[in-house]
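So in full-length UniProt numbering, spot 243 of the sequence shown is number 243, and the numbers just go up one at a time.
Since the hints were derived computationally from the structure, they do not count as laboratory data.
Every residue, glycine too, gets a C-beta built ideally from N, C-alpha and C.
The reader is advised that the hints may include incorrect statements.
As the list claims (entries may be wrong) - What follows is a set of in silico ranges between Cβ atoms, one per label pair, in the way DEER data are often shown:
| id | residue 1 | residue 2 | range |
| --- | --- | --- | --- |
| 1 | Arg18 | Phe197 | 41 to 51 Å |
| 2 | Thr317 | Glu69 | 48 to 58 Å |
| 3 | Ile12 | Pro46 | 31 to 41 Å |
| 4 | Ile209 | Pro296 | 22 to 32 Å |
| 5 | Met15 | Leu325 | 56 to 66 Å |
| 6 | Ala403 | Thr175 | 38 to 48 Å |
| 7 | Pro125 | Ser211 | 12 to 22 Å |
To be verified - Calculated pairs, EDC-like style, for lysine to aspartate or glutamate (alpha carbon to alpha carbon, straight line, at most 20 Å):
| id | residue 1 | residue 2 |
| --- | --- | --- |
| 8 | Lys35 | Asp59 |
| 9 | Lys80 | Glu69 |
| 10 | Lys311 | Asp385 |
| 11 | Lys388 | Asp344 |
| 12 | Lys178 | Asp344 |
| 13 | Lys35 | Asp55 |
| 14 | Lys382 | Glu289 |
| 15 | Lys92 | Asp38 |
| 16 | Lys178 | Glu69 |
| 17 | Lys35 | Asp17 |
| 18 | Lys388 | Glu377 |
| 19 | Lys80 | Asp179 |
| 20 | Lys388 | Glu289 |
| 21 | Lys382 | Asp179 |
| 22 | Lys178 | Glu347 |
| 23 | Lys382 | Asp344 |
| 24 | Lys80 | Asp91 |
| 25 | Lys178 | Asp55 |
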Amino acid sequence: VVIVIHQPRSSIFQMFDRLCVLSQGRALYMGVAAKSADHFAQIGFPCPQNFNTADFILDLVSIDSRTPESEANTAERVEKLARHFEEQSRDKMNNVEVQVEQPASQPPPKVRSRAPAGDIGTRRPGFFRQFGVLFWRSLRQNARNHVPNAITLVQSVLIAVLLGLIYQDIEMNQTGIKDRLGVLFFVTINTSMSAVFTIIQVFPAEKGIVSRERDSQTYSVAAYFASKYISEMPFKIFGPIVNGIILYWAVGLNPAAEAFFFFLLLLATLGLCAAAIGLAVGAWCPTQEVTFAVAPLIMIVFMLFGGFFIKVESLPTGSEWVAYLSPMLWGFVGVTTNDLRGLDGWECEPAASSNTSSAPGEQEDCNLVRECSTTGENILEKELDFAKYTRWEALMYLVLVGAGVLFVGYLGLVVTGNRYQPLSQERRFPRILSSRSRVAAGRS
Numbered sequence: 001v002v003i004v005i006h007q008p009r010s011s012i013f014q015m016f017d018r019l020c021v022l023s024q025g026r027a028l029y030m031g032v033a034a035k036s037a038d039h040f041a042q043i044g045f046p047c048p049q050n051f052n053t054a055d056f057i058l059d060l061v062s063i064d065s066r067t068p069e070s071e072a073n074t075a076e077r078v079e080k081l082a083r084h085f086e087e088q089s090r091d092k093m094n095n096v097e098v099q100v101e102q103p104a105s106q107p108p109p110k111v112r113s114r115a116p117a118g119d120i121g122t123r124r125p126g127f128f129r130q131f132g133v134l135f136w137r138s139l140r141q142n143a144r145n146h147v148p149n150a151i152t153l154v155q156s157v158l159i160a161v162l163l164g165l166i167y168q169d170i171e172m173n174q175t176g177i178k179d180r181l182g183v184l185f186f187v188t189i190n191t192s193m194s195a196v197f198t199i200i201q202v203f204p205a206e207k208g209i210v211s212r213e214r215d216s217q218t219y220s221v222a223a224y225f226a227s228k229y230i231s232e233m234p235f236k237i238f239g240p241i242v243n244g245i246i247l248y249w250a251v252g253l254n255p256a257a258e259a260f261f262f263f264l265l266l267l268a269t270l271g272l273c274a275a276a277i278g279l280a281v282g283a284w285c286p287t288q289e290v291t292f293a294v295a296p297l298i299m300i301v302f303m304l305f306g307g308f309f310i311k312v313e314s315l316p317t318g319s320e321w322v323a324y325l326s327p328m329l330w331g332f333v334g335v336t337t338n339d340l341r342g343l344d345g346w347e348c349e350p351a352a353s354s355n356t357s358s359a360p361g362e363q364e365d366c367n368l369v370r371e372c373s374t375t376g377e378n379i380l381e382k383e384l385d386f387a388k389y390t391r392w393e394a395l396m397y398l399v400l401v402g403a404g405v406l407f408v409g410y411l412g413l414v415v416t417g418n419r420y421q422p423l424s425q426e427r428r429f430p431r432i433l434s435s436r437s438r439v440a441a442g443r444s
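Can you make the complete structure from the sequences, with help from the hints?
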């Protein structure tokens, strides 16, 4: 779209050279703009005198969804106009004779298509064509958001630097275990929250435009939803990757190169899963205000069931399923198993003795060593109860949760695709057809 002229007045409409009229994804007229009124008059829909041709055409080709009866009548009218234009175009194509001068030695040109002339331009584009156009539109739109993208980058860097300063070089002792788990869970929360809230700031407002385009049958819900999510992927991955690269080495997590790259993969997958949650919430909520109220509530519930504040096995009976649906749980399982498994050598701190004096033979009692975790596997089992999972299982569950949430979001767009709302009598402008009857009544 280069420019939009909303309801042009007569003087502006007369400046148009050619006009293409579309309704419900079908062409109703294409030709000289000045001859459009004559075209519709020949079909039986003359434009009233002293009436704006543009307004007349818009009213003529629009679907009135206020009542089932009016919707059926206007849809039948549009179908009639579309059939007439298709027949007219077919006749013109069949009557065209093209003569090309060429040497007799050259073979005649090959015919690439034998489709009937009437089939040209009357079929709706396929799914992949719709997806391609919508994907590039959404991708360019996201790329133009320079300020939000810059803010996301700065936010990722600042949070990583701040966490690096606070948790710099965590020691390999029992106190360091708590610090390590704390920073890993914070990374999980930050990645999830950032992805959700960047989505719900834009998507609910965009949904209104999408609903209008859907009502015009411009494209399918599946094509739009798939293109929207895939076009958001690079922007939802970029922030967590930058944050993870800085944070990983600043905090001093598992130094293995394999663990480092898998950590980035987990953060990227978690960001995409959280973005799916934002799309699903935005699809089901009717307004942006409701979305802003519902999304934080859902994310707080997922955070409580994320496995850090309380173990999944310690949850009340019957509520474990909430934890298994939480992307924060599987993100936390993934980053902890990736960092701690195989990371041994944790020191145990001596427990202080309550006796201030002791016999010479009892000196060893003053340095009693309390029970502690000395290997990463012990930490996963005792502190978190995550020893039964692997990092690949956590990644797989993240993907499954994200896919399920995407399906829920798709259903939300399908179910909540509102038709045009009925207009009140005070706000409704008179229709062309009804205005004719009033003019006729006035003359009589």
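Hint by hint, here is what the structure shows:
Roughly 45 Å separates the CB atoms of arginine 18 and phenylalanine 197, a value that falls within the hinted 41 to 51 Å. Between threonine 317 and glutamate 69 the beta carbon distance is about 54 Å. The supplied range of 48 to 58 Å therefore holds. At roughly 22 Å, the beta carbons of isoleucine 12 and proline 46 sit outside the given window of 31 to 41 Å. As the Cβ distance of isoleucine 209 to proline 296 is approximately 25 Å, the hint placing it in 22 to 32 Å holds.
At about 58 Å, the CB distance of methionine 15 to leucine 325 agrees with the hint of 56 to 66 Å. The beta-carbon spacing between alanine 403 and threonine 175, approximately 39 Å, falls within the hinted interval of 38 to 48 Å. The supplied range of 12 to 22 Å is met by proline 125 and serine 211, whose beta-carbon atoms lie about 19 Å from each other. Between lysine 35 and aspartate 59, the direct Cα distance comes to roughly 17 Å. Compliance with the 20 Å bound is thereby established for this hinted pair.
Between the alpha carbons of lysine 80 and glutamate 69 the distance comes to roughly 17 Å, so the proposed pair stays at or under 20 Å and holds. In summary, the hint linking lysine 311 to aspartate 385 is supported, as the alpha carbons are separated by about 7 Å, within the 20 Å threshold. A C-alpha spacing of about 18 Å is found between lysine 388 and aspartate 344, which places the hinted pair at or below 20 Å, so the restraint holds. Taking the CA atoms of lysine 178 and aspartate 344, the gap is about 15 Å. The hint holds against a cut of 20 Å.
The suggested pairing of lysine 35 with aspartate 55 holds, with an alpha-carbon distance near 15 Å, which does not exceed 20 Å. Among the hinted pairs, lysine 382 with glutamate 289 is inconsistent with the structure: their alpha-carbon atoms are about 43 Å apart, more than 20 Å. Annotation: proposed proximity of lysine 92 to aspartate 38 holds, straight-line Cα distance about 18 Å (limit 20 Å). Only pairs whose Cα atoms come within 20 Å are accepted, and lysine 178 paired with glutamate 69 is rejected, the gap being roughly 67 Å.
Taken as a hint, the lysine 35 and aspartate 17 pair is honoured in the structure, with Cα atoms around 10 Å apart against an allowance of 20 Å. Between the alpha carbons of lysine 388 and glutamate 377 the distance comes to roughly 10 Å, so the proposed pair stays at or under 20 Å and holds. A hinted pair counts as satisfied when its Cα atoms are at most 20 Å apart, and lysine 80 with aspartate 179 does not qualify at roughly 72 Å. With a C-alpha separation of about 41 Å, the suggested pair lysine 388 and glutamate 289 falls outside the 20 Å cut-off, and the hint is violated.
A distance of roughly 16 Å separates the Cα atoms of lysine 382 and aspartate 179; the hinted pair therefore holds under the 20 Å criterion. This hinted pair checks out: lysine 178 and glutamate 347 have alpha carbons roughly 13 Å apart, not beyond 20 Å. The hinted pair formed by lysine 382 and aspartate 344 meets the criterion: a straight-line CA distance of about 15 Å does not exceed 20 Å. Note on lysine 80 and aspartate 91: the hinted pairing holds, with a Cα-Cα distance of about 17 Å set against a maximum of 20 Å.
In summary, the hint linking lysine 178 to aspartate 55 is not supported, as the alpha carbons are separated by about 69 Å, beyond the 20 Å threshold.
The structure does not agree with the numbered hints 3, 14, 16, 19, 20 and 25 stated previously, though it agrees with the rest.
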